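Asker: This is what each chain is made of:
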Amino acid sequence: MANLKDLKTRINSVKSTQKITSAMKMVAAAKLRRAQESAEANRPYSSLMQQVISGLASKASKATAPELLVGRETVKTHLLIVVSADKGLCGGFNGSIARQTRLEIKRLEEEGKSVLLYMVGKKAADNLGREITDKIFERVENLQGSNLDYNKVDTVSQKILTGFSDTSFDHVSIIYNQFVNAITQNVAVTPLIPVQINEDKDTGASNYEYEPDENELLEQLLPRNITTQIYSALLESFAAELAARMTAMDNATRNAGDMIDSLTLVYNRTRQANITKELIEIISGAEAL
Amino acid sequence: MADVIKIELVTPSEMLFSDSAEMVVIPGSEGLFGVLPRHAATLANLQRGTLNVYNNDAITRRFLIDGGVADVLPERVIILAERAVDLDAVSTQHLDEQLVDATDAEVAFVNAVKEAV
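Chains as they are written, first to last, in the working numbering: chain A, 1 to 289; chain B, 1 to 117.
It should be emphasised that the hints constitute simulated quantities derived from the structure, not laboratory data.
Warning: the hint list may mix true and false statements.
[Claimed, not checked] 35 Å max Cα-Cα, derived DSBU-like pairs, lysine-lysine: (1) A:Lys87 <-> B:Lys6; (2) A:Lys106 <-> A:Lys19; (3) A:Lys113 <-> A:Lys25; (4) A:Lys59 <-> A:Lys5; (5) A:Lys25 <-> B:Lys6; (6) A:Lys122 <-> A:Lys59; (7) A:Lys122 <-> B:Lys114; (8) B:Lys114 <-> A:Lys59; (9) A:Lys152 <-> A:Lys76; (10) A:Lys106 <-> A:Lys152; (11) A:Lys277 <-> B:Lys6; (12) A:Lys5 <-> A:Lys31; (13) A:Lys87 <-> A:Lys59; (14) A:Lys31 <-> A:Lys113; (15) A:Lys76 <-> A:Lys25.
Keep in mind that this is a model prediction, so the values were computed, not measured.
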């Protein structure tokens with residue numbers, strides 16, 4: 001039977017852990033609201049951009065269309081942009097990104113393609129560790145946060161565009177956590193180059209006038225579209241991270257509460273047992289006289 | 001009431017302007033162009049310049065935009081700009097704050113804003 005002092009120390013340490021987790025939960029909840037707002041504020045821009053590109057793409061002649069739109073004929077190397085968090089303590093958030101990345105690498109290598117990785121955020125890179133050291137194209141940390149800077153995202157996409165035109169890779173997709181709602185996140189793999197186009201949507205593009213012509217416009221817009229897509233993926237991922245942290249910390253707080261309850265029960269039982277034992281000793285001592 | 005056209009100015013971080021007006025003058029990469037209601041459907045590339053919103057033959061709102069694309073339809077115009085600043089609401093102090101660890105493109109943009117104000 002554990003002694004009372006040890007139990008007391010354990011209860012206190014669990015209590016202070018609980019204080020930390022509940023504070024983290026509160027902080028994540030407050031930040032989540034702001035992150036969600038900025039993710040929502042970005043939606044009109046990215047969806048309108050998609051709409052414009054889709055309309056243009058349906059008009060552009062396939063033969064002369066830029067490679068960013070239609071992709072290369074022979075795809076040898078894939079670049080995967082892996083978006084994870086810089087910090088841990090957010091449940092399965094980083095783990096599921098790492099798992100998906102591993103699957104994706106395996107799938108592509110079985111197809112005989114080579115894979116390069118652009119790691120955004122610290123945790124997935126830590127998680128994948130030595131498996132990927134020879135595949136890293138670039139790493140960036142501390143990019144995400146409450147005020148994600150469009151210009152910093154632009155430098156990321158510039159690097160990707162340069163790499164694409166150097167033929168370091170022929171296909172680009174991004175792996176990130178989609179924010180569905182406060183308790184659900186979805187790992188999404190979205191292709192960036194070539195551009196994904198919703199063919200079914202009729203944008204009424206047939207009678208547009210273009211200034212300058214379609215191909216030149218596409219050349220201007222496609223690089224911007226890459227930045228926009230990465231930007232919105234980062235916003236989504238940050239909101240998802242905070243949501244995941246909020247849920248994880250909520251669970252941790254509840255578990256700590258359960259643990260405190262059961263420890264307190266053991267503590268009280270031990271205390272009673274000690275008292276009973278002492279009483280028995282006193283009584284049997286008195287009877288012996 | 002005069003004929004109006006719906007205008008939306010959107011940047012990656014926010015919807016900066018969404019209202020109806022009589023005319024809007026847009027800095028296209030091939031030159032400034034005015035958009036009135038029932039304008040022909042156009043998709044135009046934009047360059048850095050001021051975007052003027054007109055009501056009653058006078059400028060009511062001014063924005064400085066930095067590149068982007070304008071999607072014009074007869075009843076509405078959507079301007080997608082990477083960076084945009086409302087010239088009536090901007091403060092020099094705020095602009096100077098932006099200059100701290102700014103990229104070249106940003107510095108050029110902020111200077112253009114200062115000039116326009």
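Asker: None of the hints should be skipped; say for each whether it holds.
Answerer: Do the hints match the structure? See the list:
1. A:Lys87 <-> B:Lys6: This hinted pair is violated, its Cα atoms lying about 44 Å apart.
2. A:Lys106 <-> A:Lys19: Roughly 42 Å between the alpha carbons, so the hint for A:Lys106 and A:Lys19 is violated.
3. A:Lys113 <-> A:Lys25: 42 Å, violated
4. A:Lys59 <-> A:Lys5: 78 Å, violated
5. A:Lys25 <-> B:Lys6: 43 Å, violated
6. A:Lys122 <-> A:Lys59: Measuring from Cα to Cα gives roughly 41 Å; hence the hint is violated.
7. A:Lys122 <-> B:Lys114: 38 Å, violated
8. B:Lys114 <-> A:Lys59: 39 Å, violated
9. A:Lys152 <-> A:Lys76: Given that 35 Å is the threshold and the Cα spacing comes to 29 Å, the pair holds.
10. A:Lys106 <-> A:Lys152: 31 Å, holds
11. A:Lys277 <-> B:Lys6: 86 Å, violated
12. A:Lys5 <-> A:Lys31: 40 Å, violated
13. A:Lys87 <-> A:Lys59: 44 Å, violated
14. A:Lys31 <-> A:Lys113: Roughly 40 Å separates the two Cα atoms, so the pair is violated.
15. A:Lys76 <-> A:Lys25: At roughly 44 Å apart (the allowed maximum being 35 Å), A:Lys25 and A:Lys76 break the hint.
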